[in-house]
Amino acid sequence: MGGALGSMALIGLTNPETFRQHTSPVMNLYLVLLLSVLSALHWTHGQDPVEEEAIVVQHVQPLGGWSSVSPNQKDVQDAARKGLENFNKKSKAKKYFKMVDVTSAKIQVSNMINYRIKTIIGKTKCLKTENGDLDSCEMLQKRLKCKFDVQFDPRKDQDQYKVNSMSCNK
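Throughout the sequence shown, residue numbering follows mature numbering (1 follows the signal peptide of the UniProt record, and there is no 0), covering -46 to -1, 1 to 124 in sequence.
Pairs of lysine to aspartate or glutamate residues, derived as EDC-like cross-links and limited to a Cα-Cα distance of at most 16 Å, are as follows:
#1 72 <-> 103
#2 72 <-> 39
#3 99 <-> 55
#4 116 <-> 32
#5 116 <-> 29
#6 43 <-> 84
#7 79 <-> 89
#8 82 <-> 92
#9 49 <-> 92
#10 28 <-> 55
#11 116 <-> 39
Just so you know, these hints were derived from the structure itself, not from any lab.
Please construct the entire structure, taking both the sequences and the accompanying hints into account.
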């Protein structure tokens, strides 16, 4: 304020009456600014800070990367069933095979869903010439370990599954 009084003396405001007449708008401005700052400080300090719980990411599946999933998931079981259907169509065996176990599964999500599934399938007593219910077919001893790469396209209404590769061995 000393600097302000010095500059007022330079412009001829040394008389107290003249000083009051010319400084009241300036003082009013200072008063308004001071009240604004004080009310802003009161408003910001008057509220208790909100304590928010931190969100901890436990598992993020990278888009386009392969991730292990539970072999018991319904979508994995559906894809494995499509792989088995494809095996039974293309196999030269006279009898059907059916699913014994899905041992492991990986999934890759992009514009489609890709499954890499390892299974154990077993030969049944049901002949392919007989169109019976595969679930009711009695199992034989023969088992095969199979790997199916199955693609699921959710945009299609029909034939959503496509078996890209399969390999089976004893």
